[in-house]
Structures are given as structure tokens and as C-alpha cells.
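> Residue numbers (this note's numbering), protein chains in the order written: chain A, 48 to 874; chain B, 3 to 221.
Since the hints were derived computationally from the structure, they do not count as laboratory data. Heads up, a few of these hints could be off.
Said to hold, decoys possible - What follows is a list of derived Cβ distance ranges for each label pair:
id : chain 1 : residue 1 : chain 2 : residue 2 : range
1  : A       : N747      : B       : N182      : 31 to 41 Å
2  : A       : T749      : B       : I7        : 24 to 34 Å
3  : B       : L220      : A       : Q826      : 41 to 51 Å
4  : A       : P702      : B       : I7        : 26 to 36 Å
5  : B       : H198      : A       : E816      : 39 to 49 Å
6  : A       : P702      : B       : M217      : 19 to 29 Å
Stated by the list, open to error - The calculated SDA-like cross-link candidates involving lysine to any residue, where the alpha carbons are at most 20 Å apart (straight line), are:
id : chain 1 : residue 1 : chain 2 : residue 2
7  : A       : K194      : A       : M536
8  : B       : K215      : A       : V790
9  : B       : K58       : A       : D511
10 : B       : K89       : A       : N505
11 : A       : K508      : B       : Q62
12 : B       : K107      : B       : E27
13 : A       : K218      : A       : E810
14 : A       : K508      : B       : M91
Note that the Cβ used here is the ideal one computed from N, Cα and C, for glycine as well.
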Amino acid sequence: MKVQSTTGYNIINNWLLKKGNQPFLFQAQTWQEILRKKSGLVNAPTGFGKTYSVFLGAVIDFINDNPTTYQTKKNNGLQLIWITPLKALAKDIGRAMEEVIFELDLKWQVGVRNGDTSISERQKQKRKMPEVLIITPESLHLLLAQKDYPAVFENLKIIAVDEWHELLGSKRGVQVELAISRIVHLPKKNKKQKVSIWGISATIGNLLQAKEVLLSPINEEGVIIKAKVNKQIEVHSIYPDEIEKYPWAGHLGLKLIEKVLPIIAVSRTTLIFINTRGMSERWYQSLLNVEPELAGVIALHHGSIEQALRLWVEDALHEGKLKAVICTASLDLGVDFRPVETVIQVGSPKGVARFLQRAGRSGHQPGSVSHIHFLPTHSLELMEAAALKQAMQENMIESKVPRLLCFDVLIQYLSTLAISDGFLPDVIFKEVKTTYCYKEITIEEWKEILYFITEGGNALKAYDDYKKVEIIDGLYKINNRRIAMRHRMHIGTIVSDAMMKVKFLSGGYIGVIEEWFIARLNPGDVFTLSGRNLEYVAIKDMTAMVRKSNAKKSIIPSWQGGRMPLSANLGMMLRQKLDEAADDNNINKAEEIIVLAPLLDLQKQLSHLPKLNQLLVEHIETRDGFHLFVYPFEGRLVHESMAAILAWRISKITPITFSFAMNDYGFELLSDQPIPVDDTNVYELFSPENLFADIQRSVNSTEMARRKFRDISVIGGLIFQGFPGEKVKARHLQNSASLLFNVFTEYDPGNLLIRQAYGEVMEQQMEEERLRNMLERIQACEIIITFPQRLTPFCFPIKADSMRETLSSEKLEDRLKKMQEQLEKDT
Amino acid sequence: MMDFIKHTIFNNSFLLSAARCIFWEEEKALILSDLHFGKTGHFRKNGIAVPQTVFKEDIQRLTAQMQYFKPEYLIIVGDLFHSHANKEMELFLRWRNDFAHFPIKLVIGNHDILPKDWYAKADITCIKGQLQTGPFIFTHDKAECADTENCYVFSGHIHPSVTIFGAAKQSLKFPCFYFNKNYAVLPAFGRFTGLHSIKPAKGDSVYVLAQNKIMQMLG
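One chain only, chain A, in its complex shape (with noise of 0.2 Å):
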């Protein structure tokens, strides 16, 4: 049947009609397939009716099966689940739903469900669900650590899974495919009725693969839509007045700020979006006092910020009160602020889909342009707009990498499931061999996680009263209150450094910081937090006390976040565009390219551009020692590997030691010797031949296991942070995952939670496949061995860099700036 010729479609299109609108053919042909009771994934950016292809949808449905009665029909049970990565996202959201409803006069009603939502309000619905409910992932899993959920599901008719690009490739998406493999195979009301699934997510490489993913357990084909929606975008770079011919790089980008308040002036609302906290404290600082009548116009939006002021910051984005504000990732997501026409990124995005996302985030009026601008934080880094430019016209967009095999999340679901209703092994087993995440989980595997929940594991059996999950009559099923109640606080745990709360003396709360970071205060020490100079007093009750500081000085906390490595398709279009530059009969140059000359020149003239097929290798003798610069451009994770596997492969050939250095763009191995990297052995060097056995010598992946574990025994309940009212007896249950990380490889080093750490090392870390790419793109490469007689513009910013790790950002600056000087005069 065609949607059109159906009531509800009538009914919706008359009413999108009256308002002045009508359907997107995107949204038409969600309609269609949801009719036909098809599932799949609308590829749609926000702001352009993605919400209503899906939600719409099962409104023309409901009408369609209550063609007279839909005005009137209450009660109808949980008809759409609305599955949010955010939860500031819900409330919009319901407030769009529950207008069409209003305006269509359904009886319908819209529920939100998540961390904040009240006891009393989630009573009211296990009572009587919502038609809707908007929720967030880890809502839903608490929503199936109810008694009797099953019931909850029976009339359901679609999952929606919102913003599945972001979800996708966390462990939160993993959670996702988890409750669908659950909530689709729970017995229906109706027989006949089958759950559709469908995702909306923005433009990623993988699209075909995301909706394999989600739809996993229906074990469906199912279809991709994509809205066809041609967004202008324009990318301008931010040139200094004069190229240096060494791009330093300890000044963030501030050296530029002036060339900002134009655009901030001739533009009603700005976004600048800023990398790390710490940098968009310094930079919101700096702001006010170049221009000091931005003072109330520009505001600060960072994940550290107390969540009151950033929801005041986003509703007065809202209503157009704010000149700039100055953000990180924090505005990444989210609805839309109309009044933002121009965004300004500061510093390399790190990836096309990030940019493309922020760029989007400006320009909403239909047929209007998105404006970008990109300020780059040393002149290097202008090649990335190049390339970023490019990579956009070519629709290189990045792919999100699913989650395999997360034993963390499975040991937390089951926990789940055992605390509602209980589960039978063989049932579930089933269910989770239907999600893409686990369809290879063995049944040994399988084994040890339901030897690990109901046994703890090897014990001393006659001495042990391990209690977690008990087998009564074949179902698994946690009894102790205690235990579930510590559960159900668990689910959903974000996991981050351990943070500590900062509030005023006299009261009054600022926001929340890192404790490591407090940890290396001491009284008196004045730092920066939400805009504001703050004097650390004293911690008391996991809480630091702070009072207001004039203090001109202040350190500014470098949050640990915010160091994402560049991502594979920026790194190869950078070296497309290195190519451009580097070959002379090309009249056609980037802009940033001919901006660029007289640092590329001198690159050239001391040692080398290189080609797409070429690896540049500089050897260098300083005051410091001897170095040896290689430039992959592959980001700063594979670069710390590589640069630690090349310093083991060199250490065999003679005994040497090495520090390192590394950026988005190479590394740095400096010694106190020659370095003995010549013609003769370098393919040899950069061979992915035993790249494993190499990388398990080389590198700590001990230390970066542990770092890892962290998120693990969260997640796997193995750490339990303490809940209100039990502070007293929490207090003997207290661990940390460094210690529990040591006694497992010590007295239990086959445990699968620590071979799971030891996996994600590898995967996420040293992104091992990424590495053994480049290892082979560069056996097919010239690999160019160069010896200038002085530091080079390309590994000036490494230099710059190893630098920072040990130098306050100050003298960093002092330092860097003379460093340069001298270069420069020399030249």
C-alpha cells in the first residue's frame, strides 16, 4: 500500500500543510517503509526533520490502525521508544512530539527517562507507560532491571535510536544493541507484531555497516534513507599577518585572537569551538581582555562547567543573547541554536566528520550558507584547512568502528537482567549472539562470564561466601537487595577520572575538576575554572573549597581529555595536499598552500617536501643530541607506537637508548648517539613483518592496560564508588582499579576483564590495524632520508611539543619564542 493513499498520511500532510509546510521526500519514504513494517537508518544532519521522519511515521501508523478512534483512543501502552545519546537532548525533543500531538489532538503522552528524571515520575510510569518515552541508553537498561519489564514492551512498535553515529562505536551503543536483542524477542501483545528498528545518524563512512549493526538482531536487511540535502558550507582560514617561517606552536592560537573580533562583531551569534578545556579557559580569558566590552556578551561551555550555567549558557544561545561563546566538544551535539551564523575552529579538528559537524552547526535558515573558519594554532596547520577543504568536495568522511566483543558491558547486563526478573542462560545466550558486538562470542567465553557472575571466579571454595548472581531451578538471579541496589547505581556509571566537585567557601558551586589535578595543589594555589581565578583552600568531604582570587596568575588545569589522535582520512588527504605542494608544475595550489610558501620553501631548501609516495626522515645533531624526525601523518597515537617499536628495532641493532617525541603529524627519537638509520636498513625498520610480537616488547602495553582497566572493572562492577546513606561501610569496600589490576595479572592473569584491557590497548590505543596500513603503505613508499644541518619547519612543532611535557606553559612560550627567533635569523 502506498502511504499516500492511507488516513494517517492525509491527516499529517493536511496538518504540515496548514503550518506552511510539507513532507520531505526523505520523510515520505520513512512513512512508506514503516507502513510496511520495514526497518533501517535515516541519514539525515540535524535540523532538517529528522525527528519527524521516524516519530511521524508512527503517528500515521497509529492512525492509520485507528482510523476513527485515534483522537480518542488513551492508554494504548509504550508505542515508540526514543533512544537519545543525551539527555539535554530529551527535553526538546519531547517538547517537538508533544506539540504535533497537541496540534493533531491525540491522547497521547510523551515521557522522558533518564538520570534526572524523578522517583515520583518513574513510578507514575511503571504504573502507566507513555506512548513515547524518550530515553538514554543507560536509562533503558535500568528500565530492564524492573520487575515484570517484559510487560512494559508488549505493545511496542519501533525503536528509535537517535544520533546512532555517536552512539556507535562506545560502549553506550553497545548497551543499545543489548536492549534491542532483548526487547525484540520479548513476546508481544499481538502475535503478529514485530518491533521495527530504526536509526537516524549523520553522514559517516560506515553507513552500511551502522545500520548492519543496529539492526543485528532482527536479523534484517532493511533500508537506508538518505534526505538529500545540499548544505553549503564554506571554509575560510585565518592567516596571520606574516608567515613565520618556523610554525611554534606554544601559543594555542592566541596570537591570533585579534583577527577574531571582526568576525564576532559582524556575526549575530559565534561558536568557537576550542580542542581541550584548559585551552578554552585561556582563550575566554583572553577574549575579555583584548576586548573588554565583550564582557556579558561572550560565555564559556565546557563538560566541566556546573551544568546550571550551561544550560543558561544554551537557552540564552537560544534567544540570541550571546555575542560568542566559546565551547569544546560539549556543543558538538545538541539542537540546533538558530542564532548561530558563524563558527570558528581553533586548532585541527582532528577528523572530516568533526569539522563537517561543527560547521553544521551554523547557517540554519533554509538555503542559508554554514560559515567555518579555521584558526589554525601554528601556521602548519593551515595545510589541514587545505586538506579539510578537499576532504570535504570528496565526501571523505570518517568511519565509526563498532565494538567487539566488550565482556565489561555483557557482565553488566546480565547483572541486569538478574535483578529484574532473573534470566535463563540458554534464552539470552541466544539473544546476544544476534548483536553484531557479540555474534563471535564462543560458548567457553560465554561460560566464563556466568562462572565469573555466579562463582567469582577461582575461589577457595569451603572458604568463600562470594554472592552475586544465584542459580535457583536454572534461573539466574541476584537476591541480595544490597547488591542490586549497588547495581542498579551502577548502570550507567559515566566513566571519567575520578572528579571532584569545586564549590565556594561561602557556598556556591562552580563545577567539577579532575582530582588528580586538585590533588597537585596546595592552599593557596590559584587556578582556573568556568572563566573564573580561584584560590584552592582546603578539600573537605570530596569536595575542593575554594574563595574568589584577584591573583593575575593562575594554572590553568590541562584536562586530560581532548588529545584525540588525527584521524586516517585527514592524515592522507595532508599528504595529498603536501604532494600539491611539493610539485612544482601544479599552477592550481590551495590558498593555504601559496600562503604557506616561505615556510614550505625553506622545508624544501634545508631538507625536503615530501610526495604521496615518499617518507621523509631528517636526521639532525643539536646541543641536545642526535634526533631522527619521520613524518607519517598519522595521527599521534600510531606515531607513539611507531616511534617505540622503531626505537626497539634500532636497539637491536646496537645497544642505544631513546626519549620520544610525537605530534598529529611525526615523530622525534633523540639520543645522545648517532641514530643508525641509513639506506640500508630502513625498509627494514618500517617492516610490518613480527609487528606483533614487536609491539608486545616495545611498547608498556602493561601501563596502557591498566589505564584502560579503569573504564573495565566500572563498568564490570568490580569497583563500587558508595551511595548516599552508606558512606561508613562503603568505606571498606573502597579499591582502586590500579590495585585490582595487580592482583588480577598476579593471581589471576587469564581473567577475561584483564584480557579485555589488554585488547583495547591494541585496538584503541595502538590502533594496531592503522599501524600495520602505514607500515605497509610505506614498504610501496621512497622512504627520503634527509641530514639538515638545523631544525626544520615540520619538526619545529614536535620539538615544540616534547617541550610542553615538561615546561610550564609560560616559560614554554619564553623558550619557544627565542628558539624561533635564533632559527629565524639564521636562516
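Since chain A is already given, all that's left is putting chain B on it; use the hints.
Just chain B, lined up with the frame of chain A:
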């Protein structure tokens, strides 16, 4: 193989064992701190699956130390047990049975919260506050120790460790014995225990425990 280093205080010889305890030669006493027995059991009872082998190994190590040094009694400067009783303690009681009548003196620590009759049943002499033998005082938490003039204090509680920095910004934490002019802090005997970093001052003696070896830190 037993690795230890001699440390002398007031002409008394204290053998610091790499197995995280001290043998006091003159008094023929083995001094231990922060064993936290029953900790793995406490976690497991609460649904947190920590391998129990740690506990077994702790007990075996204690036995080995007793067999090697042949002390006449044990001085425990607190936190023999981690929390409330659990089944794991039965293994301790069985061990206790094998060494029946061997005197154990426990200076109560903040974790020692078992009922009095439990200690009586296990034949453990409990001392509140501090135990004094000659010029030596034994207590759990140095910070809560009163008048110590002309005395030397042995304490535990903080699980001391030092951080040693290596190349490439890597650092490792090791448990240690800490001695200054007036007092000493013992490392935690139990292996399922956390570490607290200390910053030794000039003139302090620190002995680092790493991979079954003990060595004096120079500095």
C-alpha cells in the same frame, strides 16, 4: 630465598624483610602491619569478584616468615583484619590452630572492628592505643600517638610507598619501609591493599620493596 636488610635503632637490630615485615633480633619478635585479612572475602561477599588467591598467598607468606626467622611472638601494629567476619576468617582460624599458643599481640587499628570475643576465641591479645617495650612504642597510626619523647615509634596505617620516575615520563610506585629520627612506618603486609605516596625528607631512610627484593633508596 629470603632477602632482608638490617636497620639499627638504639643498638637494636631490625631485619627488614622483602616479604613486608620486620624481625626484631633482640626481642625475637616479628613486627607486621596492615594485613587486612578477610578483605578479599569482604569484597566477594558484596558481589565483587576479587581473586581469593591473594589472601591465601598472604597467609603462606606469613608462615614462611615465621619459619625462617623463628620469632617468639608477633607484634601487629593494627589492621590485622579488614572488616566484619566472613568465611575467609575460617581459613585464618585454621592457620591459627596450626600455631596454637603462639602469642600474637595486636595493637588495634581502625579496621579491627571485630567483637572482643572473636579475638579472644582466636587467642589474640588486643592492645588499645599503644604497646611499649623498652624504648620502643608500637602503634597503628603515628598521627594519633601521644607522648613519645626519648622513644622510637613503629607504626603502620598509611601503607607508605615511593614513586620512582623513569625515562619517557613513566613512573612506578613501590611499597616501602620508612624510618626517620623518631618513628618508622611499615608497609602493608597484605597484598590486596592500596598505596599512599610519601615524600621522604633529607636524612630519612627509605627501603623500597620491588619484585621480592628490598633495597635502600639513595637520596
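> All hints are to be evaluated individually against the structure, with a verdict given for each.
Against the structure, the hints come out as follows:
1. A:N747 to B:N182: 31 to 41 Å: Holds: the Cβ-Cβ distance is about 34 Å, inside 31 to 41 Å.
2. A:T749 to B:I7: 24 to 34 Å: holds, 28 Å
3. B:L220 to A:Q826: 41 to 51 Å: Because 48 Å falls inside the window, the suggested range holds.
4. A:P702 to B:I7: 26 to 36 Å: holds, 31 Å
5. B:H198 to A:E816: 39 to 49 Å: Given about 40 Å between the Cβ atoms, the range holds.
6. A:P702 to B:M217: 19 to 29 Å: holds, 25 Å
7. A:K194 to A:M536: holds, 16 Å
8. B:K215 to A:V790: Holds. K215 (chain B) to V790 (chain A) sits at ~19 Å (cutoff 20 Å).
9. B:K58 to A:D511: holds, 12 Å
10. B:K89 to A:N505: holds, 16 Å
11. A:K508 to B:Q62: holds, 17 Å
12. B:K107 to B:E27: holds, 17 Å
13. A:K218 to A:E810: With a Cα-Cα distance of about 14 Å, the restraint between K218 (chain A) and E810 (chain A) holds, given a limit of 20 Å.
14. A:K508 to B:M91: This hinted pair holds, its Cα atoms lying about 13 Å apart.
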